[in-house]
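Q: Start from the sequences, fold in the hints, and give me the full structure.
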Amino acid sequence: MGRSSWSVQDAKNRFSEVVEAARRAPQTVTKHGKPAVVVIGVAEYERLRHLARAQAPSFADLLLAMPQDDGEFPRDEVRMRDLDP
20 MGRSSWSVQD AKNRFSEVVE AARRAPQTVT KHGKPAVVVI GVAEYERLRH
70 LARAQAPSFA DLLLAMPQDD GEFPRDEVRM RDLDP
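Oh and the sequence shown: position 47 is 66 in my numbering, straight run, nothing missing.
What the hints contain is simulated information worked out from the structure, not anything from laboratory work.
A couple of the hints might just be wrong.
Derived DEER-like restraints, expressed as beta-carbon distance ranges [what the hints assert, rightly or not]: (1) S35 <-> E63: 16 to 22 Å; (2) V57 <-> A84: 31 to 37 Å; (3) I59 <-> K31: 16 to 22 Å; (4) R72 <-> R98: 50 to 56 Å; (5) R68 <-> S23: 17 to 23 Å; (6) D95 <-> Y64: 37 to 43 Å; (7) V61 <-> L82: 30 to 36 Å; (8) L67 <-> S24: 17 to 23 Å; (9) V56 <-> A84: 30 to 36 Å; (10) S23 <-> D89: 53 to 59 Å; (11) H69 <-> L102: 56 to 62 Å; (12) L70 <-> T47: 35 to 41 Å.
Computed from a predicted model, the values in this text were never measured in an experiment.
Every residue, glycine too, gets a C-beta built ideally from N, C-alpha and C.
A: In structure tokens:
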């Protein structure tokens, strides 16, 4: 089985290999020894996008989830201003 983690420098120098490996499995690129990005194949990317869209609530769902107060809210007692100059 091939590698799945690359330093930034290795990924730059061997980008074609990273791309080919990403078609089979996600590839992690590290910077200063810490994971920085993951390179994935387009099929996996599209699958994840579709999954995210399927789980996202619609605008109507968000509106219906808003708290309802039956149109009642506290009003301050204030004196109306005079409109005459």
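Q: Hint says 53 to 59 Å; check whether the CB-CB distance for S23 and D89 agrees.
A: Check passed, 56 Å falls within 53 to 59 Å.
Q: Note whether the CB distance of D95 and Y64 lies within 37 to 43 Å or breaks it.
A: Distance hint for D95, Y64 is violated at roughly 53 Å.
Q: Does the Cβ pair I59, K31 satisfy 16 to 22 Å?
A: 18 Å, holds
Q: Using the Cβ atoms, figure out if H69 sits within 56 to 62 Å of L102.
A: 59 Å Cβ-Cβ, so the 56 to 62 Å window holds.
Q: Do the beta carbons of S35 and E63 sit within 16 to 22 Å of each other?
A: 19 Å, holds
Q: Indicate whether the distance between the beta carbons of R72 and R98 respects the range 50 to 56 Å.
A: Given range 50 to 56 Å: holds, Cβ gap about 53 Å.
Q: Range first: 17 to 23 Å. Now tell me if the beta carbons of L67 and S24 are that far apart.
A: About 20 Å separates the Cβ atoms of L67 and S24, which means 17 to 23 Å holds.
Q: Can the suggested window of 30 to 36 Å be confirmed for the beta-carbon pair V56 and A84?
A: Distance hint for V56, A84 holds at roughly 34 Å.
Q: Between the beta carbons of R68 and S23, is the distance compatible with 17 to 23 Å?
A: For R68 and S23 the Cβ distance comes to about 22 Å; the hint holds.
Q: Please test the hint of 35 to 41 Å on the beta carbon pair from L70 and T47.
A: The hinted range 35 to 41 Å is violated for L70 and T47, with Cβ atoms some 21 Å apart.
Q: Could you check the hint for me, namely that V61 and L82 are 30 to 36 Å apart, CB to CB?
A: With Cβ atoms ~34 Å apart, the hint holds.
Q: Quick one: are V57 and A84 within 31 to 37 Å, going by C-beta?
A: 32 Å, holds
Violation of the numbered hints given earlier is confined to hints 6 and 12; the remaining hints are satisfied by the structure.
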